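Student: If you want the building blocks of each chain, they are given just below.
Number of protein chains: 2
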Amino acid sequence: MSRSRRRHGVQATATQPADAYRAAGVDIDAGNRAVALLSQSVASAGTPHVLSAPGGFGGMYSAAGLGADAVLVASTDGVGTKAVLAGRHGRWRGIGVDLVNHCIGDIAVHGARPLFFLDYIAMAALEPEVVAEVVAGVADACRAAGCALLGGETAEMPGTYVPGAVDVVGTIVGAAPKDRLLPRPETIRPGDALVGLASSGPHTNGYSLIRHLLDGSPGAAADTGLIDALLEPHRSYLPAVTGFSEAGIRPKALAHITGGGILDNLPRVLPAHLGARVDLGAWPVPQLFATLVDWGGLDDSEAFRVWNMGIGLVAVVEASDADALAGQGSSVIGTVIDIADAGGRVTLEGSWR
Amino acid sequence: MSRSRRRHGVQATATQPADAYRAAGVDIDAGNRAVALLSQSVASAGTPHVLSAPGGFGGMYSAAGLGADAVLVASTDGVGTKAVLAGRHGRWRGIGVDLVNHCIGDIAVHGARPLFFLDYIAMAALEPEVVAEVVAGVADACRAAGCALLGGETAEMPGTYVPGAVDVVGTIVGAAPKDRLLPRPETIRPGDALVGLASSGPHTNGYSLIRHLLDGSPGAAADTGLIDALLEPHRSYLPAVTGFSEAGIRPKALAHITGGGILDNLPRVLPAHLGARVDLGAWPVPQLFATLVDWGGLDDSEAFRVWNMGIGLVAVVEASDADALAGQGSSVIGTVIDIADAGGRVTLEGSWR
Chain A
64 MSRSRRRHGV
74 QATATQPADA
84 YRAAGVDIDA
94 GNRAVALLSQ
104 SVASAGTPHV
114 LSAPGGFGGM
124 YSAAGLGADA
134 VLVASTDGVG
144 TKAVLAGRHG
154 RWRGIGVDLV
164 NHCIGDIAVH
174 GARPLFFLDY
184 IAMAALEPEV
194 VAEVVAGVAD
204 ACRAAGCALL
214 GGETAEMPGT
224 YVPGAVDVVG
234 TIVGAAPKDR
244 LLPRPETIRP
254 GDALVGLASS
264 GPHTNGYSLI
274 RHLLDGSPGA
284 AADTGLIDAL
294 LEPHRSYLPA
304 VTGFSEAGIR
314 PKALAHITGG
324 GILDNLPRVL
334 PAHLGARVDL
344 GAWPVPQLFA
354 TLVDWGGLDD
364 SEAFRVWNMG
374 IGLVAVVEAS
384 DADALAGQGS
394 SVIGTVIDIA
404 DAGGRVTLEG
414 SWR
Chain B
64 MSRSRRRHGV
74 QATATQPADA
84 YRAAGVDIDA
94 GNRAVALLSQ
104 SVASAGTPHV
114 LSAPGGFGGM
124 YSAAGLGADA
134 VLVASTDGVG
144 TKAVLAGRHG
154 RWRGIGVDLV
164 NHCIGDIAVH
174 GARPLFFLDY
184 IAMAALEPEV
194 VAEVVAGVAD
204 ACRAAGCALL
214 GGETAEMPGT
224 YVPGAVDVVG
234 TIVGAAPKDR
244 LLPRPETIRP
254 GDALVGLASS
264 GPHTNGYSLI
274 RHLLDGSPGA
284 AADTGLIDAL
294 LEPHRSYLPA
304 VTGFSEAGIR
314 PKALAHITGG
324 GILDNLPRVL
334 PAHLGARVDL
344 GAWPVPQLFA
354 TLVDWGGLDD
364 SEAFRVWNMG
374 IGLVAVVEAS
384 DADALAGQGS
394 SVIGTVIDIA
404 DAGGRVTLEG
414 SWR
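Chains as they are written, first to last, in the numbering used here: chain A, 64 to 416; chain B, 64 to 416.
It is worth saying that the hints were derived from the structure and are not from the lab.
Model, not experiment: these values are computed from the prediction.
Where a beta carbon is used, it is the ideal one built from N, C-alpha and C, also for glycine.
Don't take each hint at face value.
One-sided excerpt, in silico: chain A residues whose CB lies under 10 Å from chain B [unchecked claim]:
no., residue
1, 106
2, 109
3, 110
4, 111
5, 170
6, 178
7, 185
Just chain A, with the same shape it has in the complex (with noise of 0.2 Å):
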């Protein structure tokens, strides 16, 4: 793999392709053409760590600075389904956002921040635009996180993937100093603080549910501003998470609200006679999510585990730091308990509407 020569059902060259190869159902040129819309992508999101120049067969990241004690995260992430709904309206440079916030999040739970991040890009037949707004997006996001975007791989196999569909595969690898690696389940006591950040959307979870529910619905596609609030990009945790360092606050845990929702990520983080109740009163829960439980006719119990129902991450903290980080965008949503008090794991009190 590398930058400069993505992958082909047979690589891409500079010479013109054999008969051979066209008989095949592989498209060359259009490879070249996606490695010449992607490369300038790609050099907006290199960093001072990054040594190799594209056309390496790895990309190569200076480890030096990292600290003795430092530990490698690392997360491997698709998109799920929500590119299919991304293709049908041609909106792919918020999939690329998406790939990497998902992988941020994975590896900010843990302490970590990001170093650099990979990308695989997969379709049917090779479409060079849709693999360059893709990755415009990856390193837009990756810019914003100060991550490097050290390498990535397209992918072009009729008879694998249905015409027009496409998937991403993110990889991110962060760092974080042993000590400070989360979650400490150990520290976690009964009336310790819930507190939630808000997310951008569903992100990158409960989609197939989504789609299934706008093919539903006639005239869903055609809502702007439905479509909108659905592809709006997975947020990125990096600033909030960096933010609760500078306020001088150490979370116990941090659990990141992807698929299984608040009730099934939750409990990933407490120690195993610990449990939590949540107040679903406690945060304005966005109008869309009200929509999809409608069209769905989901209970609570349903909704909370396919949606992220507005919450993206949850810091569990003392109590007493819990104020300091509620605010624009984060409230305190709930309290550990014991597990004898917990309903399953996570109890949902009270009414979000």
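Assemble chain B onto chain A, guided by the hints.
Tutor: For chain B alone, coordinates are given in the frame of chain A:
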């Protein structure tokens, strides 16, 4: 992402799926079964550097001991349409090996040893046994390389993937001391030797054309020997590259022969003013490639671009080092020459049969 919670269109949970989920075409129980099947593979492929337990949002790898001048080298890659051929014959474990060994090659040629690996597996309808087999192969290859399988993701995306099709994407992160990074193009001179290391077969490139040819040859799919040869997993070049060090030989450059073959990959490591002359009679080209070339009616300029033709990695070394490296599975295959002598960058001379 986390090893124990694989992504789905709707996240896998332990509760009964709502009717809405099933209606959207996502099977949560299958997801849970996939996780159970693969957990043993994952547990077998940890290393002492891995800090995280399955279930986290990201995987954690201790960077202690890397060295103050370490450079991280990373690559992301798929296996291309070899997965389609493997799927037709129910041969998934080798695909996991392919994924890892291709990535190992991409960083080994930069002088890096593997640290950790993450995988992504996606398909239309989740088949837990397929996922488990792929991950078993990934774990096999990681163990063999002393590489930690740090995390992964499984995505179930009806509407994106052709039913029955599977895509697998791997990301590898390795490390090298800064003064051991490759290539070192500034050290390469006319007269330097090219040592080719044998491949185990087509590895992971050229399979779109291979499938096209198979489709055009009735009875080929029933030729077990042929299918076995085509599905032979990508060789790991880690032992060979490590062996260079142990023999006290420092290559000037290493080229991983992937998409684009010898013709396009060798120039990637040569300085602009130099080319290469490759003697086509210098190594035994496996019969498999003769069969494929004849089927496709390819001339040498096409064959040596689509397929590796029996050479999976080329080392550029001092001529005086060449004999020490040539041996079982490796041959001196050519010489570095001035660009004026090279028609294009790589000149193929002689005949391979």
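Student: Which earlier hints can't be squared with this structure?
Tutor: 1, 2, 3, 4
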